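Taken in sequence, the protein lines are chains R and Z. Its first residue numbered 1, the first sequence is counted upward by one per residue in the working numbering. Its first residue numbered 1, the second sequence is counted upward by one per residue in the working numbering.
Take these hints with a grain of salt, some might be off.
For each label pair, taking beta carbons as the anchor points, the in silico distance ranges come out as [stated by the list, open to error]: (1) A144(R) x V43(Z): 51 to 61 Å; (2) K183(R) x V25(Z): 55 to 65 Å; (3) T127(Z) x P102(R): 51 to 61 Å.
Treat the hints as calculated values from the structure; they're not laboratory data. Quick caveat: nothing in here was measured; it's all calculated off a predicted structure. For every residue, glycine included, the Cβ atom is placed at its ideal position computed from N, Cα and C.
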Amino acid sequence: MKAPGAGLRPALAAAAAVLTIAAAALVWQNLPTPTDVLGPFDVHGDAGEPVTGRGVSATVEGVRIASTVNGVAPAGVWVVVDAEFEGTRTTELTHSALVVGPNTYSPSEAFTLDMLMGEVSPGIRERGSLVFDVAQELVEPGAADPMTLLVWVGDGRMDSRLSIRLPSDGSRFSMVDAVTLEKPEVSASS
Amino acid sequence: MRALLSKLWVRNVIGAVVTLAALGVIVATDLGKSWAEYRQTVVPGAVVPAGKSGEADGRTWKIDSIRHLNRNPSRFGPPLPEGTVLTVITVDRSGEPYTDVMCKGVLIDGERRWSSEGIGGYSVPDTDGVTSMCSAPGKLRYTFLHPQEVVPTAMDIVQLDGRIIVRLLL
Chain R
1 MKAPGAGLRP ALAAAAAVLT IAAAALVWQN LPTPTDVLGP FDVHGDAGEP VTGRGVSATV
61 EGVRIASTVN GVAPAGVWVV VDAEFEGTRT TELTHSALVV GPNTYSPSEA FTLDMLMGEV
121 SPGIRERGSL VFDVAQELVE PGAADPMTLL VWVGDGRMDS RLSIRLPSDG SRFSMVDAVT
181 LEKPEVSASS
Chain Z
1 MRALLSKLWV RNVIGAVVTL AALGVIVATD LGKSWAEYRQ TVVPGAVVPA GKSGEADGRT
61 WKIDSIRHLN RNPSRFGPPL PEGTVLTVIT VDRSGEPYTD VMCKGVLIDG ERRWSSEGIG
121 GYSVPDTDGV TSMCSAPGKL RYTFLHPQEV VPTAMDIVQL DGRIIVRLLL
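Okay, chain R solo, but in the shape it has when bound (with noise of 0.2 Å):
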């Protein structure tokens, strides 16, 4: 004689064995990408406040869009940002990038010299400007991509990225024909 419910117990082993193989096709195919696994963990700020993370700490003070800079002109137009970049714990090769709507720019290579890049140490801080060559509707009056500036020390991969709100109006923004880059200022910061 038959225990009452055994007949259940194929069918309910196929079916625990379909939940799980359709459970493990599921994860499978959401799967994190590398660039989520091994992605930065960006810190959020807005300008005018120091936004600190774990290798470098920036405040940006303004941005200026201009024709021209140090009397080059863009192939659209130029956005420069005005900041000041300090070392955290040790001396680390500072990265940035501008990102407005869909595109991000890497910081223009025609005033590397003049130019807030570098490595950043400890009580050590650096004020200049950097500049990015940007695609002109994106930044013209009215237009509604914000701009953010990435700031990050070296690959980037599982580290703290800074991510700063720039400003499209207000005291810390300004439209003008020309800049004059000036040289990095650099003094200890206490």
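For chain R, the structure is supplied; the task is to place chain Z on it using the hints.
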């Protein structure tokens, strides 16, 4: 034996042991190597007390001199940034120079770390018998720019991959 293997708990134990053994092999071969490489970037190969000499990597290391400068050692270079000074540390190193290793100095104050100045920075130029390159014979000399209130406690000699060859206490 067959009767023993037919028991479910015995087969579960065998499966668990095999799984643990496989994980052990992965940790020992792959993860273990990565962990050891990471530890070498955190723990120095040797720590040399102030005023003493010590062995690391088959070589003997000792602080030869420590100097502090308040101006650029290069006659034509820019002035030092406001509020900063230079610390110049010379290391007496006996033994063969490295053949395939590049390294730099890192100054430590207990919490923060400053890398040595590179070419084009504020570094004191190499002279006869004194160099900033691990692969060259002679004493090693590293120059550090840091805020003037910093009190350095040690200097690491670090390979470019981050491995700390030796820590010299100041």
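Here is how each hint holds up against the structure:
A144(R) and V43(Z) have their C-beta atoms about 52 Å apart, which keeps the hinted 51 to 61 Å range intact. Between K183(R) and V25(Z) the beta carbons are some 57 Å apart, a value that agrees with the proposed interval 55 to 65 Å. Checked against the given bound of 51 to 61 Å, the beta carbons of T127(Z) and P102(R), roughly 55 Å apart, stay inside it.
Going through the hint list in order, the structure satisfies each hint without exception.
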